[in-house]
Amino acid sequence: MSLRAAARAYPALLRTGFAAAVAYRAEFVIWMFSTNMPLIMLALWAAVARSGPVGAYTQRGFAAYYLSTLLVRLLTGSWVVWELTMEIRQGDLAMRLLRPLHPLIAYSAENLAAVPLRGIVAIPVVSILLWTARGQLGHDPILWLLLMPALLGAWLLTFLVMALIGTLALYLESATSLFEAWLGISAVLSGYLVPLDLFPQAVQRIALVLPFRFLLSFPVELMLGKHGRGEALALLGGQWLYVAFALLATNLVWRAGLRRFSAYGG
Amino acid sequence: MIAVERLRKSYFVHRRNPGLRAALKSLVHRPREEVKAVDGVSFRVGAGERVGFLGPNGAGKTTTLKVLSGLLHPTSGQVSVARHTPQDRSPDFLRQITLVMGQKQQLLWDLPPSETFLLNRAIYDIPRPRYDETVAELTELLGLRGLLDKPTRQLSLGERMKCELAVALLHRPQVLFLDEPTIGLDVTMQAAVRGFVRAYNERFGATVLLTSHYMDDVAALCPRVLVIDHGHLIYDGSLDELVRRVRPDKRVLLKLSRPVEARDLSKLGSIVSHTDAQAVLQVSQSELQGAVQRALAQLPVVDLTVEDPPLEEVMRELFERGVSEGAA
Chain A
35 MSLRAAARAY PALLRTGFAA AVAYRAEFVI WMFSTNMPLI MLALWAAVAR
85 SGPVGAYTQR GFAAYYLSTL LVRLLTGSWV VWELTMEIRQ GDLAMRLLRP
135 LHPLIAYSAE NLAAVPLRGI VAIPVVSILL WTARGQLGHD PILWLLLMPA
185 LLGAWLLTFL VMALIGTLAL YLESATSLFE AWLGISAVLS GYLVPLDLFP
235 QAVQRIALVL PFRFLLSFPV ELMLGKHGRG EALALLGGQW LYVAFALLAT
285 NLVWRAGLRR FSAYGG
Chain B
225 MIAVERLRKS YFVHRRNPGL RAALKSLVHR PREEVKAVDG VSFRVGAGER
275 VGFLGPNGAG KTTTLKVLSG LLHPTSGQVS VARHTPQDRS PDFLRQITLV
325 MGQKQQLLWD LPPSETFLLN RAIYDIPRPR YDETVAELTE LLGLRGLLDK
375 PTRQLSLGER MKCELAVALL HRPQVLFLDE PTIGLDVTMQ AAVRGFVRAY
425 NERFGATVLL TSHYMDDVAA LCPRVLVIDH GHLIYDGSLD ELVRRVRPDK
475 RVLLKLSRPV EARDLSKLGS IVSHTDAQAV LQVSQSELQG AVQRALAQLP
525 VVDLTVEDPP LEEVMRELFE RGVSEGAA
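Which chain is which? The protein sequence lines are A and B, in order. Under this note's numbering, read the first sequence as residues 35 to 300, first letter to last. Under this note's numbering, read the second sequence as residues 225 to 552, first letter to last.
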């Protein structure tokens with residue numbers, strides 16, 4: 035299917051994906067509540083910061099950081115790795131391969147379609163919370179404008195990395211343990227658990243160039259106004275370079291992997 | 225429409241014995257074995273033909289259908305469907321085919337079938353008037369009224385299968401690969417699905433390649449059958465001819481006005497079943513005329529029918545003979 039044809043089909047894919055997300059609303063709410071690690075970390079660091087700032091972070095600073103982290107996490111989350119791995123193992127991917135639409139485009143629509151539902155629940159709650167820490171947020175409107183492509187980039191990078199690892203199920207018995215390993219490293223190096231600028235200098239230098247930062251920390255940094263405009267633009271470029279690389283890698287692994295697809299069952 | 229030349233498809237499967245010791249051993253050494261699912265199969269199917277693909281479990285039928293529909297890459301050999309190489313999965317090819325698997329579904333489980341219909345309309349880029357016309361036709365032919373707005377999970381197996389067929393045919397494919405489309409359905413629903421497939425084939429001139437364990441499906445739909453066993457094609461021809469070659473004998477069904485002795489029946493042929501009111505005899509083709517005349521003259525017969533042995537029996541015998549003898 036050409037990209038133009040895929041673009042024509044995309045609204046219908048999003049609509050169906052949204053209908054499915056609504057159908058799974060109970061599961062969805064449970065997932066929302068299980069995404070509570072930033073709140074736990076906030077409680078911990080707020081207690082530590084009671085006696086004085088930690089690095090550049092006061093109690094309010096931690097509140098702004100972790101609430102922004104929660105918001106970015108809710109808006110950029112994806113689950114394609116689980117779905118893809120399961121569908122490859124059980125052969126259900128076959129039904130997607132029969133349609134003249136790249137399965138990854140269909141998965142992307144299904145994942146993206148859940149974002150508005152998450153937004154409906156998450157945005158009011160987190161907005162109120164963020165309002166209480168508004169003094170810690172960035173004031174440059176340009177950085178807030180850059181937040182949109184940065185969030186999209188973070189979502190795409192999250193989705194593509196998951197798709198890439200999920201596609202490895204065409205080669206491995208199961209790719210989920212590999213994803214667990216990625217998740218573990220990502221929790222540390224994306225700033226999900228600890229702000230990157232609290233790490234030792236040597237670790238920071240590494241973390242700042244790895245892709246993990248662009249999954250989460252970078253949009254949060256924009257919300258907190260941690261960069262000048264030029265630096266923010268350069269980082270946005272870096273994020274989208276990673277997106278392009280992930281797209282290329284996923285496509286290559288997908289094409290080669292399909293030759294090994296066994297289409298079990300049926 | 226379909227051309228297959230020396231198609232081979234092999235898999236590697238890991239072997240492991242049950243138990244903890246075998247599990248630990250498999251950590252360092254996992255013996256693997258090549259399984260030839262399809263081994264040098266060649267055939268051609270013309271446009272508009274309805275062909276039955278028969279064989280026991282694991283014979284290679286489904287693997288062949290999956291290769292033909294582009295899901296699997298052949299290990300070797302040439303395959304062409306609607307002038308396309310299936311494994312390239314070009315959009316134009318995918319628009320011309322459909323694969324219905326009785327044990328897989330494309331309907332969205334928690335949404336009504338109408339949502340999947342609309343999704344496929346967008347994916348296949350079906351113009352609105354043609355979509356409306358096709359949905360109306362399919363609703364009529366398959367009796368879908370009242371089903372399309374219920375969540376798929378709340379439909380019965382038969383209702384779901386009808387909706388699966390409809391959604392698979394929404395884009396009016398020219399080649400239908402049907403893998404056990406009536407599996408698990410009751411007799412009425414099986415007949416409805418068969419009638420629908422025949423009507424679609426006649427209405428659109430579509431080519432149909434069908435696998436089924438229900439011989440009634442094949443007998444009702446397919447003038448031509450391909451028989452595959454252990455990955456080899458062992459017969460390609462008409463169903464009648466296959467029956468004649470494998471089981472040249474006939475079944476004589478006698479309805480009796482009073483009980484008769486088994487020894488009287490055995491003079492006419494071998495007894496398949498015998499009750500007070502009815503007997504079924506197996507009689508060779510050459511002795512049929514004499515046996516029928518004697519039965520009518522000597523036994524209290526109120527009705528007599530001559531028919532071919534049941535297809536299930538024919539197939540069982542064919543597969544028991546094995547590839548060496550085949551149907552030749």
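Treat the hints with care, since some could be wrong.
Which chain B residues stay away from chain A? Per the calculated CB distances, all over 10 Å, these [unchecked claim]:
1) 230
2) 351
3) 367
4) 518
Across the chosen pairs, the derived CB separations fall in these ranges [as the list claims (entries may be wrong)]:
5) A:218 x B:426: 58 to 66 Å
6) B:354 x A:45: 15 to 23 Å
7) A:218 x B:252: 23 to 31 Å
8) A:264 x B:373: 53 to 61 Å
9) B:373 x A:42: 41 to 49 Å
10) B:239 x A:217: 41 to 49 Å
11) B:369 x A:61: 38 to 46 Å
12) A:58 x B:239: 33 to 41 Å
To give an idea of the chain B side of the interface with chain A (calculated C-beta under 8 Å), a few residues [claimed, not checked]:
13) 295
14) 296
15) 299
16) 319
17) 332
18) 349
19) 350
20) 489
21) 490
Derived by calculation from the structure, the hints in this document are not laboratory data. Quick reminder that beta carbons are idealized off the backbone N, C-alpha and C, glycines included.
Evaluated hints:
1. No beta-carbon of chain A comes within 10 Å of the beta-carbon of residue 230 (chain B); the shortest separation is about 19 Å.
2. Every CB of chain A is more than 10 Å from the CB of residue 351 (chain B) (nearest about 12 Å), matching its label as outside the interface.
3. Distance check on residue 367 (chain B): its Cβ is at least 24 Å (rounded) from any Cβ of chain A, clearing the 10 Å threshold; non-interface status holds.
4. No beta-carbon of chain A is positioned within 10 Å of the beta-carbon of residue 518 (chain B); the least distance is around 51 Å.
5. Under the hint 58 to 66 Å, the C-beta atoms of residue 218 (chain A) and residue 426 (chain B), about 60 Å apart, fit the expected range.
6. With their beta carbons about 20 Å apart, residue 354 (chain B) and residue 45 (chain A) fall inside the hinted range of 15 to 23 Å.
7. For the pair residue 218 (chain A) and residue 252 (chain B), the supplied restraint of 23 to 31 Å holds, since their beta-carbon distance comes to about 26 Å.
8. For the hinted restraint 53 to 61 Å between residue 264 (chain A) and residue 373 (chain B), the CB-CB distance of approximately 55 Å keeps it satisfied.
9. Between residue 373 (chain B) and residue 42 (chain A) the beta carbons are some 25 Å apart, a value that contradicts the proposed interval 41 to 49 Å.
10. At roughly 33 Å, the beta carbons of residue 239 (chain B) and residue 217 (chain A) sit outside the given window of 41 to 49 Å.
11. One distance hint, 38 to 46 Å for the beta-carbon pair residue 369 (chain B) and residue 61 (chain A), is violated here, with the actual separation near 32 Å.
12. Between residue 58 (chain A) and residue 239 (chain B) the Cβ separation comes to about 39 Å, which falls inside the hinted range of 33 to 41 Å.
13. Hint status for residue 295 (chain B) relative to chain A: holds, with the closest Cβ pair at about 4 Å, below 8 Å.
14. With 8 Å as the threshold, the beta carbon of residue 296 (chain B) comes within range of chain A, its nearest partner Cβ sitting at about 6 Å, so the hint holds.
15. With its C-beta approaching chain A no nearer than about 10 Å, residue 299 (chain B) sits outside the 8 Å limit, and its interface hint is violated.
16. The restraint placing residue 319 (chain B) at the interface with chain A holds, with a minimum CB-CB distance near 6 Å, inside the 8 Å limit.
17. Given the 8 Å rule on beta carbons, the hint for residue 332 (chain B) holds: about 6 Å separates it from the nearest Cβ of chain A.
18. A hinted interface residue such as residue 349 (chain B) counts as satisfied when its beta carbon comes closer than 8 Å to some beta carbon of chain A; here the least separation is about 6 Å, so the hint holds.
19. This hint is violated: residue 350 (chain B) has a C-beta 11 Å from the nearest C-beta of chain A, more than the 8 Å allowed.
20. A distance limit of 8 Å between C-beta atoms decides the matter here; for residue 489 (chain B) the minimum to chain A is near 46 Å, and the interface restraint is violated.
21. For the restraint placing residue 490 (chain B) at the interface with chain A, the shortest Cβ-Cβ distance is roughly 47 Å, beyond the 8 Å limit, so the hint is violated.
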